[in-house]
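Colleague: Each chain, letter by letter, is given below.
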Amino acid sequence: MTGERMTGSDVLLRALAEQGVEVIFGYPGGAVLPIYDALFKQNAIRHILVRQEGGAVHAAEGYARSTGKVGVVLVTSGPGATNAVTGLTDALMDSIPVVCLTGQVPTHLIGNDAFQEADTTGITRPCTKHNYLVKRSEDLARVVHEAFHVAQKGRPGPVVIDLPKDILQGAATYSEPPPGRHRSYNPQVKGDPSAIEQAVELMAKAKRPLFYCGGGVINSGPGASQLLTQFVHMTGFPCTLTLMGLGAVPASDKQFLGMVGMHGTYEANLAMHDCDLMINIGARFDDRVTGRLNAFSPNSVKIHVDIDPSSINKNVAVDVPIIGDAGHILEDMISIWKARQHRPDGKALDSWWKEIEAWRARDCLHYEPNDSIIKPQFALQRLFEKIKGRDHYITTEVGQHQMWAAQFLGFEKPNRWMTSGGLGTMGYGLPAAMGVQVAHPDALVIDVAGEASILMNIQEMSTLAQYRLPVKVFILNNEYMGMVRQWQELLHGGRYSESYMESLPDFVKLAEAFGATGLRASKPEEVDDLIDEMIAIDGPVIADIMVDKTENCFPMIPSGAAHNEILLGPDDKAVRPVSEEGMVLV
Amino acid sequence: MEDQDIRQHTIAVLVDNEPGVLARVIGLFSGRGYNIESLTVAEVDDAAHFSRITVVTSGTPMVVEQIKAHLGQLVPVHKVRDLTLEGSHVEAELALVKVAGTGEKRVESLRIADIFGATVDDTTLDSFVFRIDGTSEKINRFINLMRPFGMVEVVRTGVVAVSRGNKGFS
Chain A
1 MTGERMTGSD VLLRALAEQG VEVIFGYPGG AVLPIYDALF KQNAIRHILV RQEGGAVHAA
61 EGYARSTGKV GVVLVTSGPG ATNAVTGLTD ALMDSIPVVC LTGQVPTHLI GNDAFQEADT
121 TGITRPCTKH NYLVKRSEDL ARVVHEAFHV AQKGRPGPVV IDLPKDILQG AATYSEPPPG
181 RHRSYNPQVK GDPSAIEQAV ELMAKAKRPL FYCGGGVINS GPGASQLLTQ FVHMTGFPCT
241 LTLMGLGAVP ASDKQFLGMV GMHGTYEANL AMHDCDLMIN IGARFDDRVT GRLNAFSPNS
301 VKIHVDIDPS SINKNVAVDV PIIGDAGHIL EDMISIWKAR QHRPDGKALD SWWKEIEAWR
361 ARDCLHYEPN DSIIKPQFAL QRLFEKIKGR DHYITTEVGQ HQMWAAQFLG FEKPNRWMTS
421 GGLGTMGYGL PAAMGVQVAH PDALVIDVAG EASILMNIQE MSTLAQYRLP VKVFILNNEY
481 MGMVRQWQEL LHGGRYSESY MESLPDFVKL AEAFGATGLR ASKPEEVDDL IDEMIAIDGP
541 VIADIMVDKT ENCFPMIPSG AAHNEILLGP DDKAVRPVSE EGMVLV
Chain B
1001 MEDQDIRQHT IAVLVDNEPG VLARVIGLFS GRGYNIESLT VAEVDDAAHF SRITVVTSGT
1061 PMVVEQIKAH LGQLVPVHKV RDLTLEGSHV EAELALVKVA GTGEKRVESL RIADIFGATV
1121 DDTTLDSFVF RIDGTSEKIN RFINLMRPFG MVEVVRTGVV AVSRGNKGFS
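Chains A and B supply the protein sequences, listed in that same order.
Following the working numbering, the numbering of the first sequence begins with 1 at its first residue and continues without gaps.
Following the working numbering, the numbering of the second sequence begins with 1001 at its first residue and continues without gaps.
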């Protein structure tokens, strides 16, 4: 078939189909009309019309995270491309494979300040893993194939292909993906055997070991999560996960200590602080996890497995760095552990677990139940009870509700939890849920939202209606930007500057305006019925849960504090006031 | 780790000679707050379209490791080598130095240029353009000496560097 005469748009779609693309999230415009015309004439690839380009990228992210495949976006030049920038940055920070096709003015007009022209490759260079401007039609197929390679290999990320209109419109020739290794980009997958051996030896000798694992395990595929769980059981070591890693080990597992970090559990954070061996697999010592760096896990030897060499020794100096894929390295670690018939130091491990159990007994996620006001934690606990047995996926927006969702919704499997971790993008959850639902039409997909975040991409309710995507939006409505309010309360003397959401819409009526169903609960006793009804409705729902306006999210490690300075609740006074340096941190 | 010594490193990078590659490298430095003290780039293999970038930077060992890791992950980058860490290497730079003046100062500038092995690339009745090459340090010394003689302009290429011994780069 190679050598056939086609237009650039035909070549593009054929290359996408060859890469296994089934669905594109996009929005048309002048520069990409040739692609839309080619899409019209074929049936292999489905197109989901979003309502704003930012929604398209988050939808592709949700699709990618819930399937492990590459998410594909198609937007026009100029504003189409600039609207995609937030989503691209989000995908870069959270290592999500996305290929974003952007239209561009014809090559002879580039640099001319033409209508809807923007320097897309210039703008997106720092927020993509790589980007391309295709200036010759003969490069088109090769660039598309290469973009998929780059998006997926190593630490995954977003790739932009900027497509001038004349390249799309003109004649082009298709070519197959080139065989063999890429000429320059071939990230290391297998870890250094001697470093792996050294790591396993350290594990066999450890007295207070801890697994600290993250999104790298999820990105390595479901097999890596199974291997991790197996290894955790084999060793008997405790395990904590980052926000991005939730689901890599089942939340119900006895050896799982809950999430680590700023709003992680007491036991996970104290175990991080007091461990003597930290086995980091696929996590990046993010500032939300480490707290104050010079007090971070002061007495531990640190093993760090990461596919991204630039994540090693970036924030925290480690003792045994291992560059490679989490799944491959876990496999090697397990086989060495077995072959050498290692047994953990049982006595030491028992006393370590005793300490951990004492921390666990503090019940750090406890909150004061209330008969008349819905506590947000209560709403999520009820939600979790009702969805436990079902095939479900959760997305979130960003803020208090996100942290409570991470704390209260237990994830038993990988790829079930989609949240904006690194960038913290409000407005992520609804479009991401849309992408998840496209990939899993029969699953229960819930966007746990706040009333502030949901308004940032509310237009995508219209997309849900068009494609009959039965996404459930579960709003914990406290009529505040809750996390902003919490920080203002704790750090800025309770001066709630601009964090009160005035003139909020009536979310029930809003749902109806978008052809969805609106539900509301204002009292604790209404919550169960609302959730049952929400799940039963065969279509999109906005559930507006009126929750306690002043509830804060605990535990909390104040900025600039160490893990062992964690606050457990409103009555827990900080060991010392937040420092000047801490105030500067976000 | 913040207390570790800041040291200057000369890093050689082999890249595809394609549009935007220099912007990627420079953007990496500016975006992450790393220093560029000198940067040179030119195509070194016109058949394979390879360019070689020599970048002089400074930082703690952790920062320099970061820089190299990030450079290595850029798609058009084929090789990254830290010539400073790899041992002895040869560094050279070229400068054109314009000195304006007449009389005794003019004569003295010419005499010192001769001592340094600088050549006179151009002259008018009241100016010289000297060309000098060698290590950056030698050029610094030359420039400092020329200043009192009426140096009005200086341009430097930045450092190029190559390792010693019989091994090649690519």
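Careful, some of the hints might be misleading.
[As the list claims (entries may be wrong)] Label-pair ranges, simulated between beta-carbon atoms:
hint, chain 1, residue 1, chain 2, residue 2, range
1, A, Y500, B, E1037, 44 to 54 Å
2, B, I1006, A, R343, 16 to 26 Å
3, B, D1005, A, P570, 54 to 64 Å
4, B, I1026, A, D528, 18 to 28 Å
[To be verified] To list a few chain B residues with every Cβ distance to chain A over 12 Å, as calculated:
hint, residue
5, H1009
6, R1024
7, Q1073
8, H1089
9, K1105
10, N1140
11, F1149
12, G1150
13, V1160
Note that these hints are calculated values from the structure, not bench results.
Cβ coordinates follow ideal geometry from the N, Cα and C atoms, glycine included.
Colleague: Now look at each hint and say whether the structure bears it out.
Modeller: A quick look at each hint next to the structure:
1. About 50 Å separates the C-beta atoms of Y500 of chain A and E1037 of chain B, a value consistent with the hinted range of 44 to 54 Å.
2. Remark: the range hint 16 to 26 Å for I1006 of chain B to R343 of chain A is contradicted by a beta-carbon distance near 46 Å.
3. Our hint of 54 to 64 Å for D1005 of chain B and P570 of chain A is violated, since their Cβ atoms are close to 46 Å apart.
4. Taken as a hint, the range 18 to 28 Å is violated for the pair I1026 of chain B and D528 of chain A, whose Cβ atoms sit roughly 58 Å apart.
5. The beta carbon of H1009 of chain B is kept farther than 12 Å from every beta carbon of chain A, the shortest such distance being approximately 16 Å.
6. With a minimum CB-CB distance of about 6 Å to chain A, R1024 of chain B fails to clear the 12 Å threshold, and the non-interface call is violated.
7. A cut-off of 12 Å between C-beta atoms contradicts the statement that Q1073 of chain B is not in contact with chain A; the least separation is 6 Å.
8. No Cβ of chain A approaches the Cβ of H1089 of chain B within 12 Å, the least distance being about 23 Å, so the stated non-interface status holds.
9. Every CB of chain A lies more than 12 Å from the CB of K1105 of chain B, the least distance being 48 Å, so the non-interface label holds.
10. For N1140 of chain B, the non-interface assignment is confirmed: its Cβ lies about 33 Å from the closest Cβ of chain A, beyond the 12 Å cut-off.
11. The Cβ of F1149 of chain B sits about 44 Å from the closest Cβ of chain A, beyond the 12 Å cut-off, so the non-interface label holds.
12. No beta-carbon of chain A comes within 12 Å of the beta-carbon of G1150 of chain B; the shortest separation is about 42 Å.
13. Taking the minimum C-beta to C-beta distance to chain A, about 22 Å, the non-interface status of V1160 of chain B holds against the 12 Å cut.
In this structure, the earlier hints numbered 2, 3, 4, 6, 7 are contradicted, and the remaining ones agree with it.
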